[in-house]
Every structure is written in structure tokens, then in C-alpha cells.
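J.: The residues making up each chain are set out below.
2 protein chains.
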Amino acid sequence: MLPIRFPEGKPFDVVGLGENSVDHLCVVPRFPGLSDKVRVTRYEMQGGGQIANAMVACRRLGLRAKYIGKIGDDALGQVALGELAREGVDTSGVRVQAGTATRLSFILIDAASGERTVVWDQDPRLSLAPAELTQAEIVCGRVLHLDATDVPASVQAARWARAAGVPTCIDIDHVPPGAEELIGLIDLCIMSEAVPRELSGETDRERALRAVRRWNQHGFLCVTLGSEGALALLDGEALHAPAFAVQPVDTTACGDVFHGAFLYAALAGFDVPRALRFANAAAALKTRALGGRPGIPTRAEVEAFLATRP
Amino acid sequence: MLPIRFPEGKPFDVVGLGENSVDHLCVVPRFPGLSDKVRVTRYEMQGGGQIANAMVACRRLGLRAKYIGKIGDDALGQVALGELAREGVDTSGVRVQAGTATRLSFILIDAASGERTVVWDQDPRLSLAPAELTQAEIVCGRVLHLDATDVPASVQAARWARAAGVPTCIDIDHVPPGAEELIGLIDLCIMSEAVPRELSGETDRERALRAVRRWNQHGFLCVTLGSEGALALLDGEALHAPAFAVQPVDTTACGDVFHGAFLYAALAGFDVPRALRFANAAAALKTRALGGRPGIPTRAEVEAFLATRP
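Top to bottom, those sequences are chains G and S.
The working numbering numbers the first residue of the first sequence as 151 and each following residue consecutively.
The working numbering numbers the first residue of the second sequence as 151 and each following residue consecutively.
Only chain G is shown next, with the shape it has when bound in the complex (with noise of 0.2 Å):
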């Protein structure tokens, strides 16, 4: 079990501040080169971003989940916050920016390994200043997940979060500045491996890792890793989870459903070997189908996965 404590009495279970976004999702039968001209395969349009799409792994593994972020008050504004309504996300948070459009990614998946390529864009008008934010929403769940979106309201938050005594998560996958400030308030600091390579100039996995201690002292530190899983520090020790063999049809938003089944497994108390288990195989689920949120699956599905997987 973490050393964390989660505050009970709480309206939501898990409260998400940061990156929504409409996914343009584009299935190529190769990787494009440059000046090359590609038909895709399959295209969809969805919703996306890495805390709204946590936060919908949240809620598909059962827990009460609120969302907090910007959209642009344009059509693609509104796909993003239905479809985040009907997976049953509070989307009451949700500030709607005027004359703003709503962030887009591009995705690229190579048919025959599934790896997603991200191309992105957003308005920097939607950004969300700490003014902007109240601290009876921030602190209204059980556990908070940021990002480093906005690196000063994800600091405000965290700071609340801390002084109310709610237990802060981030999904990390550059380094902006104030990255290590924002590092620092956190309990459940799961990064992209880039993230602690790039913080401490240290180019071996497990090394740069542990240099994170320079920036987070008391925090469960994680990075993870795609296809080999993920590496966490276990009470000083490196602990190694590898990712399930699959066959992905798209690994886009692996790493944000990670996130979200590694919040429903430490709310729900596993300790740490079975927590990060759990959020391998929701990972390794979620690659089923096209897109970030068609397959994230269930508990049920995560636990039927895992009683074939000894």
C-alpha cells in the first residue's frame, strides 16, 4: 500500500485539471515521409487530451470523476464536453473560452504497430490562469490529477490540494518551466521517461529516476515506459512492471489511462506491485480500439484480463 492517506466525504473521487482536446485520428498504412502523400486507412474524430481522458478511464473503472479544463466556444468545444457528459464525467468545471478554438491533435497510427504520432495545437488564449480557479473545486475529491498544461494553476492547485489535505497525481511528459516547483508538491508523480532525463541530465532509466529525489523527497516516483511497462522507486528500490503483450490497434492515450487505473488502484488500496498491474493491463485494454477513450475498459474487463494473465 502507498504511505498516503485519501480523505473520505468527499463529493467526487478524483478531481482532473488540465489538457482536454478533439482528437483528428488517422490511420496510415505506413509511417509518411516527408513530401510523401498517404491515404488513411480509417479516420475518426473524438474527444481526447490526457486528464479528460484519465478521467474517463476514471469513471469507466468506477469512480465518481470531475473534470477541469478549457474548451473554445467552437463546434469542436462541444464534442469535446458531450462526449465527456455521456461517459458520465462532472463537466461543471469546464470553462468555455469566447472567440477561442478548442484544442486539436492530429494523430498519425501506424497500421502494423499501432505507435500513435501526435501533432498538436492550442490557442494560447485557452490557458488557465490560477486566478481563474477556486479552491472548493480543486479540493472537492478524494485525490487530484494535474498535468503541466498550465504549470502556474497546476501549482496553485497542487498547493491547495496540499493544504487541504488531498493527494495530488501528475502526468508529466515534458518540462516546461516550473516543471520542478510542480514536481515537487506531488504524491504520485508518474512520468514520461523523457521527463526525469531531461530534469537531471542523466540518460540511464533507473538513474534519472532516483534523480528525481533532488526535486520530490516524499513522493511515490514512477515513469512509464509504453510497450516495457512501467519503472517505479519502491521503499528505495527499483521496481520494474512490464507492460502485457499485445497486439495495439492504436496506443494513443496508453499513458493517460495508465494514470486514471493507477488512481482507481490506489484509492482502492493495492499496493504498489498490484496497482501498477492493474494499470499495465488497462493500458495494454485501452489499445483495443481506435482512438483514447473507446478502449478503456471496465473493472470487470481489467480483472477478467488479468485472471489470464498469472
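Since the hints were made in silico from the structure, they are not lab data.
Each statement offered as a hint is correct.
Treat identical chains as interchangeable: a pair holds within one or across any two.
EDC-like, lysine to aspartate or glutamate: derived pairs with alpha carbons at most 20 Å apart: (1) K187 with D260; (2) K187 with E343; (3) K187 with D323.
With chain G's structure known, arrange chain S on it following the hints.
T.: Okay, now just chain S, sitting in the frame of chain G:
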């Protein structure tokens, strides 16, 4: 001068039948690799598609242009239609296909080189069948511009044009079934470099171009070569017309604009070297701006540009 007679007394100078699309233009600081995540430095949505773009080029150069093709009954179809209408292109021959999405292109533009990479999707129901066309609309211009999007429709249209004494031009960048028959019906056969190579199996540029005579005995044969310009056959001699050296913002639709400008030059009675030079200049000016259309020059702009490049 080309040995081609363009009929007089037609309501349009040029009629174009073929591809239209809506382009999602994404300028990227570097071309992404597989599994990469790259933020765009600029994003725009614009109307595009090779024949629709060529009709806009003809219009900007002062021709009366009509576009024939299909759009979906979605919001993007209205974007495509509205942009053509605003340019003054006749859209009375545009069909709206119920229950389908308009053709989409996701275009990555490498910021450093301006080179474009296209990923596209088209609903099969957007195909235009020969039975959906009328001879009257096809032959109401002084010249007919085709592509290989719907080969049976293009073959039917080329036959009607031939019967009515209306010369034909083609923009062909791949070799679908029936391409040989279609190419045999064309008077101004301006191909992407890959087409003669794929048709003939010849790897040498000039030999491949000469080999196209097997399918087209009498037409003007030419290949576009991107930043190298164009290579044509003139009285049995190969004529290389170099492109103008520019720092492209975006090369999207340079070939489309080359075709439109060549049509203008042919109708204006320019000899082949002057027509190729004019078309190269129009394509070079196109690269000034992001997207297929904003950079398309007027005749005055082409002439001013040519005056500075003796």
C-alpha cells in the same frame, strides 16, 4: 504555341472536374518521427483539393472557371463550397452527397523547408460516377481540366470533350486502374514525376516521359518536378524549365497552381517555354503563404515577378 485549338463562344474558359477537400494545415518545427509528439507553430483550416485549387488559380489569373465535384453534407462541405464561391468560381456543378463527410487532408508543413506531407481521407460515397455527369456541363468551357480521382467519370468527360472539340488537361499523381486509357484521351498531360515511371517502369526521367507516348500519341507531355521545375517534350525534344528559387513557406498545391497557370498560358496562346515559365512563376508565388490558395497570384503579380527574373 501549342498545336491545340481552343473553341470560342463558351460560357466558361475552363471547367474542372475532380478533387476538392478541406485541408487541415499544420506547420511543424520539425517533421515528426514515429511515436513523436510535436506542437504545431501554426494551424489553419482551408479549402483545398487539386482541381478545386486549380480552378481558384485560373480565376485569380482572370479566367472564367467552373468546378464540378462532390462534397459531403457536413459543415466542412459548406466551407469548401463557400471558399470556391467567394473566389468567383462557378459552383453550380457541385454535388452534395447525403450522409457523407467531405474529403479531408491533414497536411504537415515542415517549417524549415516548406515541404508538405499529406495524409488524406475520402468517403467512397464521394465518388462521382459517369452517369451523374451531363455532357452539357462538361463541354461548357474552352478547356476541360481533369484528375484521376474518379477514373470512369474522367474518361467519360474526356470522351465528351473530344467529341465536342474541347481540349483536355490532366493533373495525375498516381496510377489507378484505367489511368492508361484516361491518359490516352488527354491533350495537355501534365503528370507528377512518379506517374511516367510507374506506367513505363523506366527510372530515367526523360526516358520515362518519352515512354508515355505509348499511351498518348499526340498530346503535350510534361512532368512537374517540385523544386526542380518541369520537364516537357516539345517537338520530340526534352525541354527542362527550372523552377524559380524561393524560400517556400508552404509547397502545398504548387502542382495544382502550376496546372491552373499553364491552362491560363495555353489559352492566352503563349508558346511552350513561356507557358512553362509562367506556370513555374505562379507556383513559386503560391509558396509565399500557408495553404493551397492564399498565395495564388494574380496575372499582374506573375508578370511583376517575371519582370524581376530575366
